[in-house]
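Enquirer: We have chain A; now place chain B onto it with these hints.
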Amino acid sequence: MEEKVNKAMLKLSEWVVRWRIPIITIVAILTVILGYYATKIKVDADIINSLPNTDPAAKLYKEIGKKYQGNTTAMLLLKTDNVFRTDVLEDIRDITDSLMTLNAITHVTSLTNVIDIHTTEWGMEVGRLVDEYNLPQTPEDLKKLRDKVFSKDMYHGVIVSDDSTITAIIATYSPDYHEDSISLAIKKIISKIHLRHHEKLYYAGMPFMALDSSQIIFNDLKFLLPITALIIIIILALGFHSVRGVVLPLLNVGIAIVWTLGLMVLTGHKLTMISDTIPGILLALGSAYTIHVLNRLNEIDLGDRQKALVRAMAFITIPVFLAYITTAFGFMSFIVGSYLTMIRDYGIFTAVGITFSFLLAIIFTPALISTVSGYRKKTAKRPQETKFVNKVLIPLSVRITKHPKRIITVWVAFALIMGIGIFFIKRQVDMAKYFHKGSPSRVGEELIDNELGGASPIYMVFDGDVQDPAFLQKMFDTEKFMKEHSPYVSHTFSVADLIAQMNEAMGEGYRIPNDRAKIEQLWMMIEGEDIMDQLVNYDLNEAVIQARFSTVDSKAYDGFVKLMNNYIKQNSTDKIKMRITGLPQIYVHLDRSLLTSQFSSLGIAIILMLIIVSLTLWSLQSGLMAMVPLLITIIISYGFMGYVGIPLNVATVLVASITLGVGIDYAVHIVSHYRAYRQSGLGVMDALKETIRTSGNAIFINLVAVAAGFFIFIFSNLVPLNQFAILMSLSMLVAGLSAVTLLPAIIYLVETKNQKNTEQ
Amino acid sequence: MKAKHILLILVAFVFSFNTKAQTAQQILDKVDQLTSAPQDAKQTIRMTLTDRNGHEQVRTAIIWQKDKNKRLIKFTSPAAYKGIGFLSLPNDVMYVYMPAYGKERRIASSVKNQKFAGTDLTYEDLQAKSYKNKYNAKLLSKDADKFVLELTPKERSQYSKAILTVNKDYLPVQVEFYNRGNKKAKVLTFNFVKSGNYWYAKTMTAKDLKTKHSTKMEVLSTKFDTGLSDDIFSVRFMKQ
Numbered sequence: 062m063e064e065k066v067n068k069a070m071l072k073l074s075e076w077v078v079r080w081r082i083p084i085i086t087i088v089a090i091l092t093v094i095l096g097y098y099a100t101k102i103k104v105d106a107d108i109i110n111s112l113p114n115t116d117p118a119a120k121l122y123k124e125i126g127k128k129y130q131g132n133t134t135a136m137l138l139l140k141t142d143n144v145f146r147t148d149v150l151e152d153i154r155d156i157t158d159s160l161m162t163l164n165a166i167t168h169v170t171s172l173t174n175v176i177d178i179h180t181t182e183w184g185m186e187v188g189r190l191v192d193e194y195n196l197p198q199t200p201e202d203l204k205k206l207r208d209k210v211f212s213k214d215m216y217h218g219v220i221v222s223d224d225s226t227i228t229a230i231i232a233t234y235s236p237d238y239h240e241d242s243i244s245l246a247i248k249k250i251i252s253k254i255h256l257r258h259h260e261k262l263y264y265a266g267m268p269f270m271a272l273d274s275s276q277i278i279f280n281d282l283k284f285l286l287p288i289t290a291l292i293i294i295i296i297l298a299l300g301f302h303s304v305r306g307v308v309l310p311l312l313n314v315g316i317a318i319v320w321t322l323g324l325m326v327l328t329g330h331k332l333t334m335i336s337d338t339i340p341g342i343l344l345a346l347g348s349a350y351t352i353h354v355l356n357r358l359n360e361i362d363l364g365d366r367q368k369a370l371v372r373a374m375a376f377i378t379i380p381v382f383l384a385y386i387t388t389a390f391g392f393m394s395f396i397v398g399s400y401l402t403m404i405r406d407y408g409i410f411t412a413v414g415i416t417f418s419f420l421l422a423i424i425f426t427p428a429l430i431s432t433v434s435g436y437r438k439k440t441a442k443r444p445q446e447t448k449f450v451n452k453v454l455i456p457l458s459v460r461i462t463k464h465p466k467r468i469i470t471v472w473v474a475f476a477l478i479m480g481i482g483i484f485f486i487k488r489q490v491d492m493a494k495y496f497h498k499g500s501p502s503r504v505g506e507e508l509i510d511n512e513l514g515g516a517s518p519i520y521m522v523f524d525g526d527v528q529d530p531a532f533l534q535k536m537f538d539t540e541k542f543m544k545e546h547s548p549y550v551s552h553t554f555s556v557a558d559l560i561a562q563m564n565e566a567m568g569e570g571y572r573i574p575n576d577r578a579k580i581e582q583l584w585m586m587i588e589g590e591d592i593m594d595q596l597v598n599y600d601l602n603e604a605v606i607q608a609r610f611s612t613v614d615s616k617a618y619d620g621f622v623k624l625m626n627n628y629i630k631q632n633s634t635d636k637i638k639m640r641i642t643g644l645p646q647i648y649v650h651l652d653r654s655l656l657t658s659q660f661s662s663l664g665i666a667i668i669l670m671l672i673i674v675s676l677t678l679w680s681l682q683s684g685l686m687a688m689v690p691l692l693i694t695i696i697i698s699y700g701f702m703g704y705v706g707i708p709l710n711v712a713t714v715l716v717a718s719i720t721l722g723v724g725i726d727y728a729v730h731i732v733s734h735y736r737a738y739r740q741s742g743l744g745v746m747d748a749l750k751e752t753i754r755t756s757g758n759a760i761f762i763n764l765v766a767v768a769a770g771f772f773i774f775i776f777s778n779l780v781p782l783n784q785f786a787i788l789m790s791l792s793m794l795v796a797g798l799s800a801v802t803l804l805p806a807i808i809y810l811v812e813t814k815n816q817k818n819t820e821q
Numbered sequence: 013m014k015a016k017h018i019l020l021i022l023v024a025f026v027f028s029f030n031t032k033a034q035t036a037q038q039i040l041d042k043v044d045q046l047t048s049a050p051q052d053a054k055q056t057i058r059m060t061l062t063d064r065n066g067h068e069q070v071r072t073a074i075i076w077q078k079d080k081n082k083r084l085i086k087f088t089s090p091a092a093y094k095g096i097g098f099l100s101l102p103n104d105v106m107y108v109y110m111p112a113y114g115k116e117r118r119i120a121s122s123v124k125n126q127k128f129a130g131t132d133l134t135y136e137d138l139q140a141k142s143y144k145n146k147y148n149a150k151l152l153s154k155d156a157d158k159f160v161l162e163l164t165p166k167e168r169s170q171y172s173k174a175i176l177t178v179n180k181d182y183l184p185v186q187v188e189f190y191n192r193g194n195k196k197a198k199v200l201t202f203n204f205v206k207s208g209n210y211w212y213a214k215t216m217t218a219k220d221l222k223t224k225h226s227t228k229m230e231v232l233s234t235k236f237d238t239g240l241s242d243d244i245f246s247v248r249f250m251k252q
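Each protein sequence line maps, in turn, to chains A and B.
At the far end of the first sequence sits residue 821, using my numbering, and the numbering has no gaps.
At the far end of the second sequence sits residue 252, using my numbering, and the numbering has no gaps.
Honestly, the hints are just simulated from the structure, not real lab data.
The model shown is predicted, which means the values in this text are computed figures rather than measured ones.
All C-beta atoms in this analysis are idealised placements derived from N, C-alpha and C, irrespective of residue type, glycine included.
Be aware that one or more of the hints could be misleading.
[What the hints assert, rightly or not] Subject to a maximum C-alpha distance of 30 Å in a straight line, what follows is the list of computed DSSO-like cross-link-like pairs (lysine-lysine):
(1) B:224 <-> A:127
(2) A:123 <-> B:219
(3) B:195 <-> A:205
(4) B:222 <-> A:127
(5) A:249 <-> B:222
(6) B:195 <-> A:127
(7) B:173 <-> A:253
[As the list claims (entries may be wrong)] Which stretches of chain B does chain A cover? Using the computed rule of at least three CB atoms under 8 Å from a CB of chain A, they are:
(8) 61 to 75
(9) 228 to 239
Here chain A stands alone, though its shape is the one from the complex (with noise of 0.2 Å):
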């Protein structure tokens, strides 16, 4: 079988030649600035960073945010056996003091320093729940605290659990300081902390979290590249006994991960938890470029080594084109499919790394070739033969020809079983559950699910006149009306619960006074108060209710917003305008976004796919056929993901798309192949035995050596990445094995009946 040698591509790759010391020179001047900027490469791990910032839910909790001093809140649990002991409250004071020093933290709520408004027989107490100056020290005095503390729905249950075992310290960050310095420097001033009563310590909250998955980010990509690449260079020196088959495809890859890391961070964007794993399938896909073009010279038997090149170029070209063009696609359809930045910017990065990679692979490996003379001396012997290619393809072949449609029958029926699975997938957007369990961001997030509250904040703006009685009545219902409605919120806290609660100190019980010259001169007594930052505007026209949500299921969210949605709907008027947002707000539109990204960039990968394939092989019928193995391929995968449990999420809904891109170069090798073989003149049955016997052995290396780059993430810190993993080695597997066995059998079916009719 032998290529044409197409005109315009031997023009370009005598070009190259010609001009192999600019090109080299190019290369690495951009390797040297890129390199520059790829060092700079930061982590951003949070989540509501993925909604795009026209987003109404991600918007207008970012607006609260700015607005009332830091929506970001972290949180720091002592665990211990009691908590109302003298040595830990003044360990929680230390904390507190040191959390305050810090400019970048905004607040700071503690068992220390909460505010406290006390109705006592001779009058009231606006002040603290403790006297930070004369802590409690007797029994008596620490079991009154105790009781102050459990008679109250603001304190237990939300900064002291309600086994008195864990305690809270929540520290609001200032918006203008850098999120994970800010954590970090709490870390670094609590470990300086003495803990007197040995208690166990949590870091918990969002902001932590980001940290934490920020570090593993970095730690991943440093553990996890070397690791690939190592496979990958394993790989490569089993398939070409050569230094230049190794070097070569490697340093490819390398300067494509370099400038793509450096145009990353040129661009003003950062690595999140899916795009670290660029690198590694750059790794995996790109270097299969130039193996291509090296696998096509070392066929090439011709004493001028500079003229094989050029005609190996001429032939590899547009193959290569074609293998590069649907993995790139199927990227692409990440950047108008997706409405999350992060799997956008995923798609786009990814698209661009594989560009470099085959660029790189047909313009710099041939110059770089010319010019080191790094031509091979003597051709290796191909490994025409292989025990795999004997004992496993030939026999193969040999059933598939004699019983096409029961391998289609198998396959079939095996995708309807897995099919079935679809329908138990589950979604999952919340962040705690990226971390593998008993990791201790995972164990802070379960302890307050459980223990104090939530950690999701939610956020509910009133807009009004807000001393107005009526106004805060409504804030006060509606705090009733979520905690009552809602098993997941068990805590509110606005400045109607502070009137509330002056107004029963004043004797008038603990309800909005239905007067406002009141309320105007209880305000006397909170205002200046930190806490009123974070609660009322300054021209009190705006007020929030803070609460928080105790459960990060996406059920929960799901009906949590739909219940205060139509809340909302009913009560705003034109004097009490109410919005909402939050955690559960932001994660139901992820979880939206989730399943319309999944579905539009599936939708577009396959119609890209269809047409490329289609256009390549020139017949929409061979398009249609290369299509089918990989559909089966994708439906098993998902019906793998629902009987596994593997949700759905920004990592796993990346699957579907890179198994098309990249699992249609295997169809396209056979249908092509298989083509070749007919008009060389063979029949159907030995075209296709030709066909699995050559193109079986390439799809089964290449896809050991993708499926190995992807599995590698297995060793992630990540559960999504793990996910990742599994799902892409498994669906590259599958693609594989329908491209040799389903795919053949269907030709077969559809070129015999082909033939009868013609025949007929």
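Expert: Using the frame of chain A, we list chain B on its own:
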């Protein structure tokens, strides 16, 4: 003779060792004497509160003060706060009166680091205690027109230290308060003027460096030693 010389030198030596400490304490004594000389005072004041965005709020009040530990503040404006009274009596007894409720309530003022009525002054700042009672002093520097003292609180305080600048007339010019993390947290600046025999702070500005909120207190009028009756420092008078 010889022995006497030696003794003199020794005495001089010991004194030179102690002058700094003594001078700091002496300076503080003089400051206390000057700033708390009157027996009683009645002042009308204007408080201007400015937040980090430059928004201003103005409040006026009348303050009666007697014996360093009795104080009544009655707000006269804005309209919403008119008539609100705060009465502080010895032993941390404090009452608030709200005309809208028509009744007084006793409130705890034991929490010293709590801000007073939206200002940048805490109850600790407002405590009528003298500097000498609150702080140990160390002289950091002195030159022709000012002394700089480092004050460290005697009791547990919201501050780790304060740097007090005193002019040559022994009047405070500025106090910089440092929080427990030893970062400068709040700056008070004073402008003292003399009325009759007494010096008083005509204006005082408190700026919270973290929240960037500031409070300016101006004395609009003042009367000293008018022999204020104890009846003024009563709930009954506060409610009038």
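Enquirer: Each hint: holds or not?
Expert: Hint check:
In summary, the hint linking residue 224 of chain B to residue 127 of chain A is supported, as the alpha carbons are separated by about 16 Å, within the 30 Å threshold. For the hint linking residue 123 of chain A to residue 219 of chain B, the alpha-carbon distance of about 29 Å falls within 30 Å, and the restraint holds. Restraint check: the Cα-Cα separation between residue 195 of chain B and residue 205 of chain A comes to about 35 Å, which exceeds 30 Å; the hinted pair is violated. In summary, the hint linking residue 222 of chain B to residue 127 of chain A is supported, as the alpha carbons are separated by about 16 Å, within the 30 Å threshold.
Among the hinted pairs, residue 249 of chain A with residue 222 of chain B is consistent with the structure: their alpha-carbon atoms are about 21 Å apart, no more than 30 Å. Our distance criterion of 30 Å between C-alpha atoms is met by residue 195 of chain B and residue 127 of chain A, whose separation comes to about 25 Å. A C-alpha spacing of about 21 Å is found between residue 173 of chain B and residue 253 of chain A, which places the hinted pair at or below 30 Å, so the restraint holds. A stretch counts as covered by a chain when three or more of its residues have a beta carbon under 8 Å from one of that chain; for the region 61 to 75 of chain B and chain A the count is 4, and the coverage holds.
With 0 residues carrying a beta carbon less than 8 Å from a beta carbon of chain A, the region 228 to 239 of chain B misses the three-residue requirement, and the given coverage is violated.
The structure is inconsistent with the numbered hints 3, 9, although it conforms to all the rest.
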